[in-house]
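J.: Residue numbers (this note's numbering), protein chains in the order written: chain A, 262 to 546; chain B, 262 to 546; chain C, 262 to 546; chain D, 262 to 546; chain E, 262 to 546; chain F, 262 to 546.
Derived by calculation from the structure, the hints in this document are not laboratory data.
Certain hints may be false.
Since the list gives no way to pick out one identical chain from another, each pair is judged satisfied if it fits inside one copy or across any two copies.
As the list claims (entries may be wrong) - Capping the alpha-carbon separation at 30 Å, the derived lysine-lysine pairs in DSBU-like fashion look like this: (1) 540 - 274; (2) 493 - 540; (3) 540 - 383; (4) 484 - 305; (5) 266 - 484; (6) 540 - 453; (7) 493 - 274; (8) 540 - 387; (9) 484 - 272; (10) 376 - 336; (11) 272 - 383; (12) 387 - 427; (13) 272 - 387; (14) 493 - 272; (15) 305 - 383; (16) 484 - 332; (17) 336 - 395; (18) 484 - 274; (19) 305 - 493; (20) 383 - 266; (21) 272 - 380; (22) 383 - 274; (23) 266 - 380; (24) 266 - 376.
Protein chains: 6
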Amino acid sequence: MNEYKSMIEDKIKEYLQEDLGYGDITSESLISPEQEAGARLYYKEPGIVSGLTESSLVFDLLGCESSILAKEGSKTDAYRTLMEINGSAKAILMGERLALNLVGRMAGIATRTSKVVEKARKGNPKIRIAATRKTAPGLRIFDKRAVIHGGGDPHRFRLDDCVLIKDNHLELLPSISIAVEKTREKVSFTKKIEVEVRSLEGAIEAARAGADIIMFDNMSPVKIIENLAILKEEGLHDGVLFEASGGITIENVSEYAATGVDILSLGSLTHSVESIDVKLEIEMI
Amino acid sequence: MNEYKSMIEDKIKEYLQEDLGYGDITSESLISPEQEAGARLYYKEPGIVSGLTESSLVFDLLGCESSILAKEGSKTDAYRTLMEINGSAKAILMGERLALNLVGRMAGIATRTSKVVEKARKGNPKIRIAATRKTAPGLRIFDKRAVIHGGGDPHRFRLDDCVLIKDNHLELLPSISIAVEKTREKVSFTKKIEVEVRSLEGAIEAARAGADIIMFDNMSPVKIIENLAILKEEGLHDGVLFEASGGITIENVSEYAATGVDILSLGSLTHSVESIDVKLEIEMI
Amino acid sequence: MNEYKSMIEDKIKEYLQEDLGYGDITSESLISPEQEAGARLYYKEPGIVSGLTESSLVFDLLGCESSILAKEGSKTDAYRTLMEINGSAKAILMGERLALNLVGRMAGIATRTSKVVEKARKGNPKIRIAATRKTAPGLRIFDKRAVIHGGGDPHRFRLDDCVLIKDNHLELLPSISIAVEKTREKVSFTKKIEVEVRSLEGAIEAARAGADIIMFDNMSPVKIIENLAILKEEGLHDGVLFEASGGITIENVSEYAATGVDILSLGSLTHSVESIDVKLEIEMI
Amino acid sequence: MNEYKSMIEDKIKEYLQEDLGYGDITSESLISPEQEAGARLYYKEPGIVSGLTESSLVFDLLGCESSILAKEGSKTDAYRTLMEINGSAKAILMGERLALNLVGRMAGIATRTSKVVEKARKGNPKIRIAATRKTAPGLRIFDKRAVIHGGGDPHRFRLDDCVLIKDNHLELLPSISIAVEKTREKVSFTKKIEVEVRSLEGAIEAARAGADIIMFDNMSPVKIIENLAILKEEGLHDGVLFEASGGITIENVSEYAATGVDILSLGSLTHSVESIDVKLEIEMI
Amino acid sequence: MNEYKSMIEDKIKEYLQEDLGYGDITSESLISPEQEAGARLYYKEPGIVSGLTESSLVFDLLGCESSILAKEGSKTDAYRTLMEINGSAKAILMGERLALNLVGRMAGIATRTSKVVEKARKGNPKIRIAATRKTAPGLRIFDKRAVIHGGGDPHRFRLDDCVLIKDNHLELLPSISIAVEKTREKVSFTKKIEVEVRSLEGAIEAARAGADIIMFDNMSPVKIIENLAILKEEGLHDGVLFEASGGITIENVSEYAATGVDILSLGSLTHSVESIDVKLEIEMI
Amino acid sequence: MNEYKSMIEDKIKEYLQEDLGYGDITSESLISPEQEAGARLYYKEPGIVSGLTESSLVFDLLGCESSILAKEGSKTDAYRTLMEINGSAKAILMGERLALNLVGRMAGIATRTSKVVEKARKGNPKIRIAATRKTAPGLRIFDKRAVIHGGGDPHRFRLDDCVLIKDNHLELLPSISIAVEKTREKVSFTKKIEVEVRSLEGAIEAARAGADIIMFDNMSPVKIIENLAILKEEGLHDGVLFEASGGITIENVSEYAATGVDILSLGSLTHSVESIDVKLEIEMI
C-alpha cells in the first residue's frame with residue numbers, strides 16, 4: 262500500500278462500516294462465499310478521471326483485486342473502462358455503492374474544475390483556479406484532490422496553511438498594516454500572509470505592509486483592472502500575488518481571468534457538486 | 262448533551278480537526294483570547310431549516326454558547342436569524358466555516374427534498390419521496406436527516422436495514438421466487454424484503470413470493486400504471502408497497518406520483534447537492 | 262481478509278491489547294523468537310461450531326497461519342480438531358487465551374440455541390427461535406452470530422432495526438392504533454412495526470392497525486392458543502407474524518412452539534451463557 | 262466525572278452506539294423530546310450490588326441525571342431501589358437495555374463470587390478466591406471489578422501483570438529452576454513469579470528456585486494437603502503463596518479451602534455467568 | 262473548554278491511560294474516595310513557563326479543579342506557584358506524574374529556546390530562532406508550542422507546511438531552478454518555497470528562481486557573511502528570507518546571528534531536551 | 262507482522278500522520294512515483310542499537326522493504342549500517358524524519374542506560390539499573406524498551422504494575438505497617454508491595470510489615486550502607502529487595518551500587534534524553 266492509501270485507509274474503512282452495518286443481508290443470503298465475479302467501472306458521460314485510488318482501496322479492503330486503467334487527472338470518454346475488479350461476488354456487491362459514491366463526487370468536482378479552468382484560460386492562459394474551504398465535512402482531502410485532478414489549486418486545506426486576514430479580523434484592528442505586521446511577528450516565517458480587501462485603499466495598504474497575496478473580495482472585473490493598474494503605477498504590483506473571489510461563475514470566469522489577477526477562487530467547485538454518473542458493471546464468473 | 266449530539270460528537274470533532282490543523286494561525290495572531298463576540302446565522306435565500314443541531318455542536322465544542330431559534334424541518338425566509346452564538350471571538354471564527362459547510366449542505370438537501378415532495382404531492386397527496394444510499398461518504402447520517410427535514414423518507418441507511426434484491430443478485434439465482442424464499446429463510450423475520458423488477462412478470466412473481474416491497478426500476482409512468490392495474494386484477498396489490506426509481510426528476514415527479522405507487526426514490530436528493538447560501542454574521546462585543 | 266474479518270479486525274485488536282498489556286512477560290522471557298509451534302483447537306464436549314473465524318483472526322493478527330477445519334454452524338464431537346495454527350510459539354501462546362475466550366462463549370451460545378431449536382421444533386417444525394438485545398456489551402455481533410450458528414434468528418441488532426412498541430411507549434399514547442399509525446408515518450417504509458401486547462384486546466387492536474409483528478408478552482401457552490384462534494376468526498391472523506416472549510425456557514419451549522406462534526424469543530440465549538470447554542493443544546516444533 | 266468513569270467513558274459510548282445504530286426509531290416516533298420521566302433500578306432477586314457506576318454513566322452520557330443509592334460490593338435484597346434516574350423519557354428508554362445488560366452481568370459475577378467466597382471461608386476464613394483471564398473479550402475491566410465487588414481477587418488482568426510459568430513453557434526448558442531463573446533475570450524486579458505445577462517434585466523445585474507463588478494445577482485436596490505438609494517439612498513453605506486451580510466448583514470449594522492453600526482460582530466465575538434479573542421501572546412525569 | 266484544550270483532549274486521555282493502566286492500585290487501596298487535597302506546582306529552578314495548559318487538562322479530566330497562575334511564555338523563579346489544583350486526593354496523585362512529565366519537558370524546551378534566543382539577539386536583535394521537525398514522535402504540537410513559549414519560531418509542523426527542497430531532492434533533478442519551477446507549478450500558491458543550499462552558486466540560482474527562503478546548510482559564519490554580501494550585490498537579497506542551519510549551538514549562536522541571516526534553526530531545541538525539575542506539592546485537607 | 266509490531270502499528274501510523282499532514286508537498290512535486298531508491302541507516306557515533314523495529318515499521322507502512330542488520334541491545338560503532346531500506350524514493354523521504362526521530366531518541370536512552378549500567382557494575386556486578394515513570398508522554402513503551410536494550414530494568418510501566426507506597430500516601434495513614442497491611446488486603450496477591458522510606462525506622466517497619474521491596478529515597482551511600490547493616494542484624498534483610506533512588510548520577514552511580522542495594526533507579530534515563538546522531542543515507546536507483 263502506498264503512502265496515500267495508507268493515509269486514507271481508516272476513512273475508507275469507516276465509510277464501509279457506515280454502509281454495511283452488520284453486513285449486506287441480501288447478498289449474504291443469496292450469494293455463496295465461493296462465487297467469484299469480475300467488474301468494470303466506467304463513466305456514463307465524458308469527464309475527468311478521479312476517485313479511482315480511493316475506490317480501488319474499497320475493494321482492496323474487502324479482499325478483492327483491483328487494477329486502475331486510467332490516470333487520475335486525465336480526460337475520459339463515456340463507457341471507457343477505468344478500473345477492473347476481481348474477487349468474491351459478495352465483496353464486490355458490498356463495495357459497489359461506496360466506490361461509486363466516491364468516484365461520483367470526485368469525478369464531479371474534477372470535471373467541473375476542469376471546465377472552469379478551460380474557460381478561464383481563454384481569458385488568461387496562466388490563471389490559477391482555486392478551491393476554498395467550502396468542502397463537505399470530513400471529505401476535504403478528497404474534495405481538494407479532485408480539484409487538483411481537474412487542474413485546479415487546492416488553496417488552504419486548513420486554517421493553519423496560510424494567514425488569511427478577513428473583514429472580521431480587520432474590524433478588531435486599527436489598520437491592515439498593523440494586522441499584517443502582527444501576523445508576521447507571531448506566525449512562522451514559513452507561512453505566507455494573504456489579505457482580503459474590498460477597496461483600492463485596502464489593496465495599497467496591504468501591499469505596502471508586505472502581504473504576499475491580496476484577494477479582491479466581491480469586486481467587478483472592471484474595478485479589478487483599474488485597481489491593478491494603479492497598484493502597478495505605485496510600484497506595488499510585483500512580488501505580490503493577486504486573487505479574486507466572490508461571485509465568480511463559469512459564465513464570467515473568463516472575464517475575471519482577463520483582469521490580470523493570478524488566481525480566481527470559487528466555493529462552488531466543492532460546495533455544490535454534481536455527481537458524474539458512474540457505473541460498476543458486474544459479471545459473475 | 263442529548264442523545265443525538267452525543268452520537269455525532271466524534272464526527273464533529275474530527276471535522277473541526279480537519280479544518281483547524283494546528284490552529285487558526287490568523288485569528289490566534291490577531292484576536293485576544295479575551296475578545297468576546299456574538300453571531301447570528303441565517304440563510305440568504307428561503308429554504309428548509311436543517312443542520313442547526315450539528316452546527317450548534319461545533320460551537321459548543323469550541324466553548325461557545327449557541328441557541329437555536331427555528332425548528333429543523335420548518336420553512337424559513339431569507340435573512341431570518343436561525344441561530345445565535347456567543348463566546349470567544351476567536352472560537353466563533355474557528356467554527357464558522359465548518360458550521361456553514363454543515364448547514365449549507367443539509368439545508369440544500371432538505372430544501373430540494375421539500376420541493377420534490379411538494380411537487381409530487383400534486384400527483385398523489387400520500388406519496389413518499391425517498392432518498393437512496395447515494396450519499397457523501399461519512400455523511401450518511403446528516404444527508405438522511407436532511408432528507409427527513411425536507412419531508413422525505415430516508416430509505417435504507419445501511420445494507421442491513423432491509424433486503425433489496427437487485428438484478429445483480431437475480432443473475433445468480435434461478436428465479437425471483439427462489440431469491441425471495443432464500444432471503445426469508447436466512448434473514449431475520451424483523452426485516453422487510455424488497456425486490457427490484459423491470460417487468461410485469463417480475464412484479465407478479467415477486468408479489469406471489471410474498472415480497473413486502475416491489476420497486477419498478479427505470480419504468481415509465483404509463484407502464485407503471487398498466488402494471489399496477491394488472492397486479493390489482495390478480496389480487497397481488499394489497500399488502501405490498503410499490504416503489505418507483507430511476508430517471509425521476511423534479512420535472513416528472515408529479516407524473517410518477519400519479520401512477521399509484523407508494524414511494525418514489527431519487528438518488529439526486531443526496532448525490533448532487535446544491536448548497537444553500539448561509540451566512541454567519543459576527544459582531545465583536 | 263474477507264469482509265467480515267475486516268469488519269471485526271479492530272475489535273479483535275482491542276481484545277488482544279486488553280489481554281497483552283505491554284506483552285507476555287513470561288513467554289517473552291522463556292521462548293526464543295525463532296521457536297516455531299503448531300496447535301490444534303478442539304472442544305472437550307460435543308457442541309455447535311462457532312467462533313472459529315474470530316479466533317483465527319487472533320492468530321492472523323499475531324502473524325501465525327491458521328486453517329479452519331469445520332463449518333461454523335455444524336455439529337462437532339468432542340476432541341475433533343476444528344482449527345490448526347502454525348507459527349511462532351510465543352505468538353500462539355499470546356493468542357491462546359483470547360482465542361479460547363471467543364470460541365468458548367460463541368460455542369456456548371450456539372450450542373444452547375441449537376438445543377432450544379431442536380426441542381422447540383418438536384412442538385412446531387417451522388418455529389423460529391430468536392435472541393434478544395440482552396447480549397454482553399460490545400459483543401453483540403458475536404453473540405448474534407453465534408445464535409445464527411445455532412439455528413436461531415438474531416432478532417433486532419439495534420434499536421433502529423425494526424419498530425417495537427412496548428408498554429413503556431403505550432403508557433404515553435392514547436391507544437395502540439395511534440401508536441402504530443404514528444410510527445408508520447414517521448419511520449421509513451422499509452421498517453417493520455412490531456407491537457408487544459399483554460391481552461387479546463391489544464392483539465386485535467394491533468392487527469387492525471396493521472402491525473407486521475405482534476408479540477405476546479408473558480402469556481401462557483393456553484392463553485396464546487385461545488387468542489390466536491380468536492384472531493383467526495376475526496380475519497386478523499394472516500399477513501401478521503406472531504411472537505411469544507417472557508418466561509420461555511428449554512423445558513417449556515416445545516409447548517410454546519406448539520401454540521401456533523411463528524417466533525419464540527429468549528433472553529437467556531445470550532444473557533446467561535455457559536462456556537463450552539475448549540482447548541488449544543500446542544506442540545513445539 | 263471521576264477517574265474510573267473517565268477511563269471507561271469510551272467503552273460505554275461504544276456500547277451505546279452498538280445498541281442505538283442511527284437511533285431508537287420507536288421512541289423517537291412516539292415520545293416528544295420534552296417528555297420527562299423518572300426511573301428506578303432494582304434486582305428482582307437478592308444479590309451483590311455491582312455495575313451501578315457503569316450504568317449510571319450510560320444515563321449521564323444520554324443527558325440524564327442518575328443517583329446511586331447503594332454501595333457496590335454490598336448485599337441487596339430484591340426490589341430495593343439501587344439507582345434513580347431522571348431526564349428525558351426518550352433518553353431513559355434508549356439507555357435502558359445497555360444499563361440492564363451491564364448490571365445484569367456484573368451483578369451475576371459479583372453474586373456468584375460472593376457465594377463462592379462465603380462457602381470457601383467455611384473451610385478457611387483467610388482463603389482468597391481468585392478469577393482468571395477467562396473473561397468476555399473487551400469486558401475484562403468490568404468482569405474483574407465485579408469479582409472484586411463479590412469479595413474476590415482479580416488475579417492477572419493482563420499477561421504482563423505477573424509471570425506465570427505453565428506447562429507449555431516448561432516443555433521448552435530443561436527445568437523449572439532454569440525457567441524461574443530466566444524470568445527473574447529478564448523480567449522487572451517489580452513482578453512476582455508464579456509457577457504452575459502438577460507434582461510435588463515440581464512444587465519443591467519451584468520453591469527452591471524462589472518462586473513467589475506456586476499453583477497446584479488440577480490436584481485433589483488430599484494430594485494438596487500431603488504436598489503442603491512435605492513442603493513445610495522441607496522448609497519450603499514460608500514466604501511462598503500457594504494457589505490451587507482446576508476443577509474447583511462451589512460444591513468442593515470449601516474442601517479445597519481447607520487444604521491450607523492461600524488462593525483458589527475459578528475460571529467459571531467469569532466464563533459462565535448467570536445474569537441477575539434486573540429491572541428498570543420507568544415512570545413518565 | 263477552549264479550542265486548544267479541545268484539540269489535545271484525546272492525547273491527554275491517551276497519556277493518562279498509558280500511565281494508569283487499570284488504575285492506581287496503591288492510592289486506591291490507601292486513600293478514601295472522599296479524601297480531598299490541594300496541590301501547587303512549581304519549578305525547582307528558574308525557567309520559562311510552559312505546559313500548564315496541558316497539565317491543567319490532566320487534572321480537569323480527573324475531575325479536579327485547577328487554576329493557572331502564570332502566563333505561559335513568561336519567566337518564572339524557582340519555587341513560585343504556577344498552578345493550583347484542588348480535588349480528590351486520589352485523583353491528584355493519579356495525575357501527578359503525567360502533569361510533571363508534560364511540564365518538565367515543555368518547560369525544558371521553552372527554557373532552552375529562550376536562552377538561545379537571548380544569546381542570539383546579542384548578535385542580531387531581530388534574529389528568529391527556529392526549531393525543526395526533530396521532535397519526539399506524537400509530541401510535535403507540545404514541542405513546537407514550547408518553542409513558541411521560549412520565543413522561538415516553530416518552523417514546519419508537517420511536510421505540507423512549506424516546500425523545502427533538499428539535497429536528496431536535488432540529486433534527482435537537473436538544477437535548482439527546475440526544482441523551484443516544478444514545485445511552484447505543482448504546489449498551491451499559498452505555500453512558500455524554501456531551498457537548502459551548500460554553496461554560493463546554489464544560493465544565487467535559488468534566488469534567481471524565486472525561492473522565498475534560502476537555507477545555508479552547514480556553512481560557517483564567515484562563509485555566510487561573504488555569500489550574503491555577494492547576493493546583495495547581485496540584487497538577489499531583497500524579498501528573500503535567509504536561514505542558517507547545521508552545527509549551530511548555544512556557544513556559536515550569537516556569531517551566526519551576526520551574519521545577517523534572518524533565521525537560525527537548531528534541531529537540538531527539541532531532540533535533546535533537558536527536563537526542568539518540576540514539583541507538585543500535595544497537601545491533604 | 263509480529264506481535265510487537267502489531268501492538269505499536271497504530272502509534273506509528275499516528276506519528277506518520279503527524280509529520281505528513283496532507284502529504285510531502287516537496288517530494289510529491291519533484292519525485293516521480295516510479296523513482297526507486299535504497300537507503301542505509303547508521304549512527305554517526307558509537308552507541309547501543311535501539312529503535313530499529315520501530316523505524317522499520319515506518320517504512321513498512323509506507324510500502325517499502327526494510328531489513329534490520331543489527332541486534333537491538335547490541336553495541337555498534339559509528340557508520341556501521343544497521344538497517345537497509347528499499348522502495349519508492351518518495352516514500353523513503355516521507356518516512357526519513359520519523360524513523361530518525363524514533364531511533365535517535367531510543368538509541369540515546371539505550372546508550373546512556375548502558376553507560377550507567379557499565380559504571381554501576383564496577384561497584385556491584387549484580388546491580389540492576391532501573392528507569393522510572395518519568396518518560397515522554399505517549400512514548401512509555403519505547404522509552405522503557407530502550408532502557409531494556411541498554412541493559413536496564415523498566416521498573417513500573419503503569420501505576421497498576423506494583424504497589425509503591427510513597428510519602429504522600431503515608432501522610433494519610435497512621436503507620437507504614439498499616440499502609441502495607443491495607444494494600445496487601447486490597448490488592449491482588451499477584452502484585453509486589455514496595456515502600457519508599459527516608460529513615461532506618463521506616464525501613465525496619467516496612468520490612469517487618471512484609472514489604473517486598475524497600476526504596477531508600479534520597480539517602481547518601483554511607484547512610485544506606487549503615488542501614489543495610491542494621492537491617493541484616495535484625496534479620497530483616499533476606500527476602501526483601503532494596504532500591505535506592507534520588508540524586509543518583511553517572512558520577513556517583515558506582516558508589517551507590519557498592520552500598521549493597523539491589524536496584525538503583527534514575528529518572529534522568531528517560532526525562533532528559535540526548536539523541537544519538539543518526540543518519541539515513543539515500544541513494545536513488
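J.: It remains to establish, for every hint, whether it holds in the given structure.
T.: The hints, checked one at a time:
Taking the shortest Cα distances, residue 540 and residue 274 sit within 30 Å of each other inside one copy (22 Å), while across copies they are farther apart (34 Å). Taking the shortest Cα distances, residue 493 and residue 540 never come within 30 Å of each other, neither inside one copy (52 Å) nor across copies (34 Å). For the identical chains of this complex, residue 540 and residue 383 are neighbours neither inside a copy (33 Å) nor across copies (33 Å), given an alpha-carbon limit of 30 Å. Taking CA atoms no more than 30 Å apart as the test, residue 484 paired with residue 305 passes between copies only; the shortest distance there is 25 Å, against 42 Å inside one copy.
Proximity of residue 266 and residue 484 under a CA criterion of 30 Å is satisfied in neither setting, with 45 Å inside one chain copy and 44 Å between copies. Taking the shortest Cα distances, residue 540 and residue 453 sit within 30 Å of each other only across copies (27 Å), while inside one copy they are farther apart (42 Å). With identical chains, the CA atoms of residue 493 and residue 274 are never at most 30 Å apart, being 52 Å at best within one copy and 45 Å at best between copies. Taking the shortest Cα distances, residue 540 and residue 387 never come within 30 Å of each other, neither inside one copy (35 Å) nor across copies (32 Å).
For a Cα distance limit of 30 Å, the shortest separation of residue 484 from residue 272 qualifies neither inside one copy, at 44 Å, nor across copies, at 43 Å. Within a single copy, residue 376 and residue 336 get their C-alpha atoms as close as 11 Å, which meets the 30 Å cut-off; across copies the closest is 35 Å, which misses it. Within a single copy, residue 272 and residue 383 get their C-alpha atoms no closer than 38 Å, and across copies no closer than 42 Å, so neither meets the 30 Å cut-off. For the homomeric pair residue 387 and residue 427, the shortest alpha-carbon distances inside one copy (26 Å) and between copies (28 Å) are both at most 30 Å.
Taking CA atoms no more than 30 Å apart as the test, residue 272 paired with residue 387 passes in neither setting, with 35 Å inside one copy and 39 Å between copies. For a Cα distance limit of 30 Å, the shortest separation of residue 493 from residue 272 qualifies neither inside one copy, at 47 Å, nor across copies, at 47 Å. Only within a single protomer do residue 305 and residue 383 lie at most 30 Å apart by alpha-carbon distance; the minimum there is 28 Å, versus 32 Å between protomers. Neither within a single protomer nor between protomers do residue 484 and residue 332 lie at most 30 Å apart by alpha-carbon distance, with minima of 40 Å and 42 Å respectively.
With identical chains, the CA atoms of residue 336 and residue 395 are at most 30 Å apart both within one copy (25 Å) and between copies (24 Å). In the homo-oligomer, the alpha carbons of residue 484 and residue 274 never lie at most 30 Å apart, since the shortest distance is 49 Å inside one protomer and 41 Å across protomers. Taking the shortest Cα distances, residue 305 and residue 493 never come within 30 Å of each other, neither inside one copy (48 Å) nor across copies (37 Å). Proximity of residue 383 and residue 266 under a CA criterion of 30 Å is satisfied in neither setting, with 36 Å inside one chain copy and 48 Å between copies.
Taking the closest pair of Cα atoms, residue 272 and residue 380 never come within 30 Å of each other, the shortest separation being 34 Å inside a single copy and 37 Å across copies. Taking CA atoms no more than 30 Å apart as the test, residue 383 paired with residue 274 passes in neither setting, with 42 Å inside one copy and 42 Å between copies. With identical chains, the CA atoms of residue 266 and residue 380 are never at most 30 Å apart, being 33 Å at best within one copy and 44 Å at best between copies. With identical chains, the CA atoms of residue 266 and residue 376 are at most 30 Å apart within one copy only, with a shortest distance of 28 Å there and 40 Å across copies.
When held up to the earlier numbered hints, the structure conflicts with 2, 3, 5, 7, 8, 9, 11, 13, 14, 16, 18, 19, 20, 21, 22 and 23 and fits the remainder.
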